[in-house]
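Kindly produce the complete structure, drawing on both the sequences and the hints.
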Amino acid sequence: MRKEFPSLVAVFLLCICGCAGMANPYASEEGLVVLHYSIGQDPKGFDPVRASDTLSSGLIGQIYEPLYQYAYLKRPYTIEPCLADGMPEISEDKCLYIIRIKKGVFFQDDPCFVATNGKGRELTAEDFIYSFKRLADTKNDPEGYWIFQGYIKGIDEFYEASQSESPTDYSKEIEGLKALDRYTLRIELNKPYPRLLWVLTMPYTAAVPHEAVEYYGEEVLNHPVGTGPFRLARWDHWHRIILERNPTFREEFYPSEGTAEDREQGLLRDAGKRLPLADRVVLTIIKQEQPAWLYFLSGYLDVSGIPKDNWNTAMSSLTTLSPQMEAKRITLWRERSFSVYYVAFNMNDSLIGMKHPEVCKREIEEKRKSAEEAREKGDSKEAERLDKEADELEKELPYLPQKNEKRRKLRQAMSLAYNRPQRIEIFANGRAEPAQGPIPPGFNGYDPNFKNPYSEYDIERAKLLLAEAGYPEGIGEDGKRLELSFETTGASTTVLQSADFFRQEMRKIGIVINIVQNTWTEFQEKLRTNRAQTYALGWIADYPDPENFLQLFYGPNKSPNPNNANYENPEYDRLYEEMAALSDFDPQEAKRKYELCRKMEHIVTEDCPWIFGLTYWSYTLNHCWLKNYKPHPFAYNTYKYHSVDPELRLRLSQEWNRPTMFPAYIILGVILSLAGLFFYKLKKQSE
Amino acid sequence: MSAYIIRRLLYLVPTVLGVCLITFLLFNVVTTGEAIAKQRLGQHATQEQIESYLKTHGYDKPLLIRFFINLKDLLTFNFGRSEVTHQKITTMLWNGMWPSLSLMVPAFFFTLFVAISIALFTALYRNTFLDRSTVVLCIIGMSVPFLAYIILGQYILGYKLKYFPVTGYEWGLGVFKFLILPGLIYTAASLGSDVRFYRTVVLDEINQDYVRTARAKGLSPNTILFKHILKNAMIPIITRVVVALPFLYMGSLLLEDFYGIPGLGAMALNAIDGNDFAVIKAITFIGAILYVLANLAGDILYALVDPRVEFK
Amino acid sequence: MNMEPGLQNPTMETSQEQPARSLWSDALHRLKKNRLAVFSFFIILIYLIVAVLCGAGLLATNYDEQSYKIDEKGNISLNSYSPPSFKNPLGTDIQGRDVLSRVLQGSWISLRVALTMSAIYIFIAVLLGAFAGYFGGFIDDIIQWLYQTLASIPGLLMLIALTFVLGKGLTNVAVALGLVGWVGLCRLMRAEYLKHKARDYVLAAKAQGAGPFRIMFKHIFPNTFHIVIISFSLGFVHAIMGEVVLTFVGLGAKAHEPSWGRIISEARAELAREPAVWWPLLSATVAMFIVCLAFNILGDALRDSLDPKLKE
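Protein chains in written order, with our numbering: chain A, 1 to 687; chain B, 688 to 999; chain C, 1000 to 1311.
Some hints could be false.
Computed cross-link-like contacts, DMTMM-like style, restricted to lysine to aspartate or glutamate with a CA-CA straight-line distance of at most 25 Å [said to hold, decoys possible]:
1) A/K463 / A/E606
2) A/K139 / B/D818
3) B/K775 / A/E405
4) A/K480 / C/E1256
5) C/K1032 / C/D1303
6) A/K681 / B/D818
7) A/K355 / A/E405
8) A/K681 / B/D891
9) B/K775 / A/E122
10) A/K630 / A/E606
Just so you know, these hints were derived from the structure itself, not from any lab.
This one's a predicted model, so the numbers in the text were calculated from it and none came from an experiment.
As structure tokens, then:
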């Protein structure tokens, strides 16, 4: 034992010294073009009908393909065919779409194609009908059904039928979905749907072969079978996802059109090359921002955002990179992110909410009517209860306008006390602006001249409004201080710090905020059941249409639908309904739409169901070896355009990662001398 | 001997039943099926969906029947699917077990080795300055929060000195480099209490009569230390090791979270974030069963090593 | 032989009180000699005073006040992350609040958690331990089964499951810690009661007609009290450390509560800033470290002086 021990120590020593080259997390990838990206969470799976979050969409979009896609380089955002062969033929009344599908597109090879011994089958129009039916089948827990709800003829009946206990019958036809022949799809709508083309680019609508669903059953979320440029090679949960080139991917080429700027940035160098350009994509799952950021700095990730705590390392001003980044030849992408971050008030709440008299009248009528019905059925108890409720509402009705006015002032006061400039500084490092309304700057339908009078920081005015609302200095008529609860969306440091900051802001005008900590799931449940009083959330645009933001205040969209604030204003709803039917592609309609947006914006900022908080700039950094990278806010299938220079990456990352060895030597020295002492004593004792 | 083992196995029955009962009570009575369903189905759920969820998850049956179904499922290791990821829980546990074990087993035995070495070291130098300072260092080490070890270790050894990757994992032999840093941190954090324990064990043995006899017989101190003392100290050491083993399967919640190791600890943490009751239940149950089995193994080993134990 | 009850009383008293009295005075004597323990005791005293003063709103009252700074151009902005200075000896946090005051307030939170936890687990442990040890038989079996079952469920997961049920927040964390943590002490108490119930003074009291509850809590309990004291002192460390982990996991302190766990959890990202914000992490860690160290040393010393045989 004694003789072996020193050699053990020597081995240990070697190990420690050997760690000089140990920090690189990747196995050897010689001769391959591999993209190194990271994601913050394990994705929910690869089922297009559940692609409701950006993370899953961003992965599903690489494997499954929809009919249309965004042109990668073109701005403003334009749509081009993906699996479709050309743009659709649209009827006069805009309710009939004929879409031709590319011939010769095959699904990737997969054991689920039993009939062809694992060879992929050709894509047909029927595949889309099947996939759209899946989206309307409640048994799949579809998260994207809303995109077709009420629009495609007969789809709602299919949706309702799928709620029965027996397995959903996919042979049941949907009136509005027909395959005219093998390659032609006919979609018939109930009413014009100007956003249909945007929607047909979303991963929800991607083509899923029925063989895969039948073969894998529930496991299809682990075995995606698509037509896309990549296929899933490996998925180690909470660790890593590897996508590899789909060898049977159809012929698609890198775009050759782009602006002069694109040309200058080298984005057109690969024009005309066959896609995908990379052989493999390795996505490492890194939950925390800090390790991901360090991986990026070490050259182990090709792209990164800038975590708020690392702003000073990355940037020397709002638009220029720090010298350290410049030395690494890192490229900065600074773009507007089409998002609004807000604090919502639950409009159903009796302290801060609003009930429009018209809505109240409607409720009374409904109650009376159902009371009548109950009486006819002989349920007098129920009828009595409903009548009583209606009486109460009627009693309340005359006071509603006054109450609404007071509560609106309260909300406006809170909006004025919301310290946007300070938040921009400490939570966003200056890369945000106060949001003026529901539509973010730079977005379709945005009015740069509109200034929301409650988006400033003005404590004095806030206090004044608060007094008018019946809470002078935050104290109500009953002599008690106003207390509101604020629900968090998670327990991450930033979320909690931001919630705590909100508490401080409201404290300045005398309102007490009780922070309630939730996990994301708990929070969603509270939204669903209307139990959240106030909470902070953000909305990121799905497609470049202002409707996507304005629908968040549409009455019939109330919780559990996306109108989580439960705002309902009949005037707004009428304007919305008119706006939603207007298309951006017709100049006349687009003009009217813009006018309607102005009116709606005015109503909603005045009623203040949200504190319109911040709208961010998105900052993305990429290393010099990453080629053809250009951020796109809506496209989910961009990996096929990306490429890297692996030799350059290897050389630079080795150069950047030389460990500092002397502390290791000191520690080793101490350990060795202690071990020496030990053996010395042993030897002395045995002598 | 076999009778003893059978009896010990029979003792397991009430404990295992108890574990089932407690997990059942926690996840079925105190939190109702409806609450779970609502949390699960998210904000777009309708009443029908909730009802069908309750039906498919068996919440519509009476409590007692549910308990027996639950018991059967647990005992046959049929945990169903995760409610967040829709993955099979048995597969999740199986996949998560290896990273946890690959982190914890080497770290644990390395710590054991170092702790016993230091304990012997202090025994050699007992009642000297070195011994006393080791004891003080142990208490100091025990008083630093684990989280501080992790944060500082990752920051200094990973970020600043660049010896080890700050996070990551690899299936296969390449995992070595990812595990050194969390392993060392585990060692650093548990060394304090371990050394203290083994030091008392060794000192206990040194004060025994047989050591004096051996010394009187003129045996060399090294022979006494390694042959006699260590051999006799093996009994408490083995008991401690065996009882600690099931916790290795669980991995370390915080270490795995910080170092991106996709083990059961990280899985538990994700389950907390997603309110994934099914996963938490499964991990709790497996952990408990392993603990019970390890205790059994410990008792049997103890009986084998120590002839003084009677099999009655 | 028949004895007058009146005669027996005084002797009874002495046989019951004398060992206790001498045990305590003896222990105090031994403790006084251990200078480190005395020093630790004073540190704990200071900690208690600080905590109570903070709780009473007499000390560190500005822990929730934002502070501002004015730059050269006269703009007023939050004094966010200002390094230690004369005005803020331990710097400020993200909202410009004084870290020293927050760390001091943290002592009050940790004291609350520890006391709540101790009250619960000591109550359960003593009650169940006494019942099991004193009555034996069926009651003993049930109680043993209960704590064996509980011990086999992984502690952290049990805590997590309990906070799921009880809800989040520090009080519930403390309650959960208490509900989980009684097993160790309960075992010791059971053993003590087993030992004591055969002692003369108990038999005498029984003969005198004292009821079982009177005997358990009036006669035997004072003789086992030192075990509670030791357990309490070491359990304190457990509570403080537990709060940190559970807060990190998102179950403990709320966003606005300046607990040590909260401060350390936030430090993870702050440390990686450029330049590094090390002061909140360091202050909270050092504060925790000092308190835990003092409790560890005192607990050890108490154990050595009150019951040298009691190890681990």
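Evaluation of the provided hints:
For a cut-off of 25 Å, the pair hint linking A/K463 to A/E606 stands: about 17 Å separates their Cα positions. At roughly 68 Å between alpha-carbon atoms, A/K139 and B/D818 are farther apart than 25 Å, so this suggested pair is violated. Taking the CA atoms of B/K775 and A/E405, the gap is near 53 Å; set against the 25 Å cutoff, the hint is violated. A distance of roughly 23 Å separates the Cα atoms of A/K480 and C/E1256; the hinted pair therefore holds under the 25 Å criterion.
Straight-line distance between C-alpha atoms of C/K1032 and C/D1303 comes to about 12 Å, which keeps the hinted pair within the 25 Å bound. Between A/K681 and B/D818 the CA atoms are separated by roughly 14 Å; this keeps the pair inside 25 Å, and the hint holds. At most 25 Å may separate the alpha-carbon atoms for a hinted pair to count; A/K355 and A/E405 meet this at roughly 10 Å. The hinted pair formed by A/K681 and B/D891 meets the criterion: a straight-line CA distance of about 21 Å does not exceed 25 Å.
Proposed proximity of B/K775 and A/E122 is contradicted: the alpha carbons are some 32 Å apart, above 25 Å. Our distance criterion of 25 Å between C-alpha atoms is broken by A/K630 and A/E606, whose separation comes to about 38 Å.
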